[in-house]
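J.: In case you want the letters, here they are:
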Amino acid sequence: MAGDRAYAMNTFKDAGHLFRLAGVFVAGILVFLVVRGFLVPKSFGEYGHYRGAALAELAARPVNYAGHETCEACHTEVLEKKKDGKHAHVNCEACHGALAKHADDPASVTPEKLDTAVLCVKCHEANAAKPKSFPQVVSADHASGMPCDTCHQPHSPAMTAEGAK
Amino acid sequence: MNLTRRHLLLLLPAAGAAWKYVLAGTPEAAPNYKLTEHWWGMLIDLPKCIGCGNCVRACQSENEVPDGYFRTWVERYHVTDYDIENPQVDSPEGGKHGFPPAKDETGKNFFVPKLCNHCVESPCTQVCPVGATFVSPDGVVMVDKTYCLGCRYCVQACPYGCRFINPKTKTAEKCTLCYHRITKGLTTACCETCPTGARQLADLKNPKDPIHEFLKTHSVQVLKPYMATHAKVYYNGLDGSVR
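Line order of the protein sequences matches chains A and C. Under our numbering, the first residue of the first sequence carries the number 1, and numbering increases by one thereafter. Under our numbering, the first residue of the second sequence carries the number 1, and numbering increases by one thereafter.
Worth double-checking, as some hints may not be accurate.
Result set (DSS-like, lysine-lysine): computed pairs, CA atoms no more than 25 Å apart in a straight line [what the hints assert, rightly or not]:
1) K184(C) to K34(C)
2) K83(A) to K48(C)
3) K101(A) to K82(A)
4) K216(C) to K205(C)
5) K216(C) to K48(C)
6) K132(A) to K184(C)
7) K145(C) to K34(C)
8) K122(A) to K108(C)
9) K145(C) to K132(A)
10) K96(C) to K101(A)
11) K48(C) to K122(A)
12) K103(C) to K42(A)
13) K86(A) to K132(A)
Simulated from the structure, these hints should not be mistaken for laboratory data.
Could you build all of it, start to finish, from the sequences and the hints given here?
T.: This is the structure we're talking about:
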């Protein structure tokens, strides 16, 4: 056995260098693995080639629009007014704006009063690109400067025999 | 202690089980939300869009999108009846404040809301060199801004022009399909504020979602189907001129 090894060492007389080089490689790989273990976040690769924890971080953002179900939990009278009207499927925050803060703290954060002269035309001003079935008016001709809620009740806008309000 | 072969063989399965927990990382933030039970997309019912810009404003407010940048926007198409190949498209401030009267009322005029198509084979995630953008297990294309280098590869790769570099953070940004809302059971900000129901969030894995009935009974198209991106934003009544 010993003779065989000596023979082999004689055959590759620089084998010692190769072993040392291999040692350097192994040490390098170990250092790489240790450093990588520290630098790559634990959740990387959880779902794919990205940081799995990013999903939870993206989901953690606070909401700004409360959602109509939250509004309807308190404002049942508005829901009642809306339900048979043309605006039944227009959600609260489509007109009133983002109100999650109001939903969290109704006493101190109150929504702004809306100006129907500015608000309604955002949807109802006539435009050739709007679908023909959508009710549109040329506001200057239609109302001659009067705010829309003079005649129309925004939560249920169709005009009735009893008047708007 | 001498580690015998017997002990090693006993330890290995235990180590394997422990490694599973190491790989699992941090648990999910929303405990009631199961990633595997959803597959998100959106339906855009074009004949209902009135170009009011509510979606654009809601998106900017909900996601703090900087002025002049858009995660969603609305385009107005004008197609003359003899030149379908060359539509005229305008989108003043992304349609944020609605649209001025059309210059030419002849031919065809209509609105097209645009947003990230949340492609299954998304070209944008494939080019990211650092694993900062990805398709989540519930089908939403998102950006991990702590990993993003801002190299802009993804901005160039998106065939729909849905990404931009946020001028403040210098990282890529895009529609997250309001991931912070849909994981809480809410709809997206744009769908919440759409007054006509032209935009509807769709959960394709939920058998009760009305999207299934809609897709069965309507002629629905995705944008640039020839790009084979497997987009999940479905357009009803999409005109052939739309790019």
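J.: Checked against the structure, which of the hints given earlier come out wrong?
T.: Per hint list: 6, 9 and 12 violated.
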